[in-house]
Amino acid sequence: MNRMILSELVEDLPPVLRTGIRWELQDDGSLTIDVGEEALPGIVDHIQKKYHSWLISEHALDLRPKGGEFQLIVLLGLPKVTVPVIIRANVDIYASSFHSLTPSVPAANWFEREISDTFGLTPNGHPDQRPLVLYDDWPYGTYPLRKDFDPSRPVPRVPSEYPFRKVEGEGVFEIPVGPVHAGVIEPGHFRFSVAGEPIINLEIRMGYTHRGVEKLSESLPYHRGVPLAERISGDNGFTHALAYCQAVESLAGCAVPDRALFIRTILSEMERLYCHMGDVGGIALDTAFGTGAQMAYILRERLMQLNDQVTGSRFLRSASCLGGVRCDIPVDSKKDIQRTLLQVKLDFDDFVTTIKNMPSFLDRVETTGVLTLENARSLNVVGPVGRGSGIDRDVRRDHPYAAYDQISFQVPVYREGDVWARTRVKIDEVYESIGIIEQALDKLPSGELCVPLGEAPEGRTGLSLTETHRGECMHWLMAGKGQPYRHKVRDASFLNWPAIELAVLGNIVPDFPLVNKSFNLSYAGNDL
Amino acid sequence: MVQDVLLNSLFAALQAVTMFALSPLIIGIIRKVKAWFQSRKGSSIWQPYYDLAKLLRKDSTMSKDASWISRATPYIAIASVGVVALMVPFFTTYSLGFVGDLIVVVYLLALFRFFMVLAGMDAGSTFGGMGSSREMMVSSIVEPTMLLAIFTMALITGTTTLSSISYSLAVTGPDLVRPALFLALAAFFISLLAENARVPVDNPATHLELTMIHEGMLLEYSGKQLALMEWASWTKFLLFSAILANVFFPWGIATDLSALGMAVGVIAIIAKVLVIALAVALIESGTSKMRLFRLPNLLTESFTLALLAVMSFYIL
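Residue numbers (the working numbering), protein chains in the order written: chain A, 1 to 528; chain B, 1001 to 1316.
Treat the hints loosely; a few may be bogus.
Computed list of chain B residues with no C-beta within reach of chain A, every gap over 12 Å [said to hold, decoys possible]:
#1 D1004
#2 I1029
#3 L1052
#4 K1054
#5 S1067
#6 F1098
#7 A1110
#8 M1137
#9 A1186
#10 F1189
#11 P1200
#12 M1212
#13 M1290
With a Cα cut of at most 30 Å, we get these calculated DSSO-like pairs of lysine-lysine [what the hints assert, rightly or not]:
#14 A:K345 - B:K1041
#15 B:K1224 - B:K1041
#16 B:K1224 - B:K1064
#17 B:K1032 - A:K356
#18 A:K50 - A:K66
#19 A:K345 - B:K1224
#20 B:K1224 - A:K166
#21 A:K356 - B:K1224
#22 A:K49 - A:K80
Since the hints were derived computationally from the structure, they do not count as laboratory data. C-beta atoms are modelled at their ideal positions from N, C-alpha and C, and glycine is treated no differently.
For reference, chain A alone in the conformation it holds in the complex (with noise of 0.2 Å):
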């Protein structure tokens, strides 16, 4: 299936477009196409055009230590196949410039913004070159993801303003929240132009966490890349260590034994179970609901404190390991587990009852914040926000992984697009995971946990994509000596925060907090 499409894309390229590209079919029926710099968006522009396909990544890695160029990496998804298609584009050293995609596509902007700061690749016709990442007195030709940047020397701080996009006129207001906050929140800020409570424009800054998590790993053995990537983002460390793990088992090539991929569902949904219940709760409180949020946070909590029964961390940290994982489900935490869940999906039942029969706390969630589907396609929103604006996509089902291609599950899906769309997304997929779980849980093959990993050949690649609770989440990698020559991460907070300053349009002020909870994306994650 996949080879038959992939194959018919590259013959179905109109001439003008296929002049100069190499394409190739891997061993895992992904396709690869390598392309001049200057027909990319062409070709990017056409496959979505004529297929749907979505933008995943874009992303550069630097090659001139092995005697070549820079590389453009595009990566593209397409609807029924469960296989990226890989566009490469060299870009010249001396011209440092590429054609950007964003005219064409718009989930592209902040990738390309993103090369722009860490790689110093200047995308023409990017219709908006300001800084992304990167702190805003962080000195101009210093480029952290170049290969001849050394990131133990300090980097000598040069102050600057980021600007602003202004908004004129007769009573419009700016007011600056952030990067601090009033409660426990990370920091990001949020610039909005306001005329009284209606919101006409908002600005997302992002970058205050930017730790340089894809430099780091490019220094740590592919061991060690566990636990970092384990702390990317706080509350979905598995799912990301799980997408790191499987990225580098398909470097080696490494066969993960059966048990330990069962386990690695389950623990996947435990996970999202605990942040779905924070989620939801999160909502509630958000309405000043205080009792219906506190239903979600005990639900929240003792999920977590059966986290620490069944892995010892109640957020689930050093479960994984390459090659399998690191602990094991034996029978009397499988009573745990089901135990547990039987009684949370009898809570839960109450929570939602409650809310769905509030008319003052649905007053507040019903037509709030509404993202369309066609902003939410044009941004290639993903996760739980996507599929409540109507986005039927999930990665567990559309590119299994783990145990999910042996599970029956629903993926659900919501047209409104706001709060409450996105609401019933996480709390039908509160179920939706329970029955995982048990499905899991049955099924438990017995076996091995783990299995070495094996050798992983210099300058091979592998991309692994899972589905944290708030949606796609990328992990992609080149391999060096032992450690990864480049670590590409793409968090689903990446594309999703775009998306906000689209769905507040004309909401007022202080329903923001309610339609950001909503969407309740990474600040870590998207910052790396």
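Take the given structure of chain A and dock chain B to it, following the hints.
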């Protein structure tokens, strides 16, 4: 005559001191009840006292852009609430009613709000400004509602002095009860929620600056000044509860100087205030906050109720 003035002044002072002393406790009780509903233990009901004591020991920090308004507002707040406390009957009808009637009471509270709104904008923080503009939006409807609701009682009893209203109702008994009383009571209760920044109008427990009304205006205050502002606001809540209890249901309040009457008065007012606090906690546990632009609906409803109360007095 002089004796009367002295006696009234004595009891007025006593009642005002009691109200200031009790107001943190009432807030503590509301928080405790809310915590119970949320299956939490919650902090001790004495916590507001500890908070006050802590804040009073601390220094205040002032924005360099702040003018004398920010510095004066905490004192204006505590002073205006203090004067109102002298004029509102609490456990006895002996109070400084002869100094000013309900119009003075309402406008002393308006003075408090006026300065708090100015102070919100004074320090130049965005959240303060937002809080101020929202507060004015809310109060523009709440203020007339409150006046109308109490006017209804003034019409029924034929006096505009709060303590005399209590006195005549308490002495005359159920003969004076009209349908208008209940309409006005409902209207006044909604005003109580709105004036004291409770759910569904405002959320006193939030940390989200963008949604704040009352808290937004206080964001720039710290230390002793914050203590005064908080204490004034808490006492304002107790004042509203006392007006609700003693103007609409004054039965039990002490109308003479007998020890028994006084004892009954104290017990009665404590019971009534606890019932009101419980009602507020129940509402806060069972509803979400309203959207800001739906608030005018709720507040106009309460205004309509108050208007109906006045009309029904003449018609029925």
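Hints and how they fare:
no. : hint              : result
1   : D1004             : holds, 48 Å
2   : I1029             : holds, 16 Å
3   : L1052             : holds, 21 Å
4   : K1054             : holds, 19 Å
5   : S1067             : holds, 21 Å
6   : F1098             : holds, 42 Å
7   : A1110             : holds, 24 Å
8   : M1137             : violated, 9 Å
9   : A1186             : holds, 18 Å
10  : F1189             : holds, 17 Å
11  : P1200             : violated, 7 Å
12  : M1212             : violated, 8 Å
13  : M1290             : violated, 7 Å
14  : A:K345 - B:K1041  : holds, 24 Å
15  : B:K1224 - B:K1041 : holds, 29 Å
16  : B:K1224 - B:K1064 : holds, 18 Å
17  : B:K1032 - A:K356  : holds, 26 Å
18  : A:K50 - A:K66     : violated, 36 Å
19  : A:K345 - B:K1224  : violated, 48 Å
20  : B:K1224 - A:K166  : violated, 39 Å
21  : A:K356 - B:K1224  : violated, 44 Å
22  : A:K49 - A:K80     : holds, 16 Å
In terms of the numbered hints stated before, the structure departs from hints 8, 11, 12, 13, 18, 19, 20 and 21, listed from lowest to highest.
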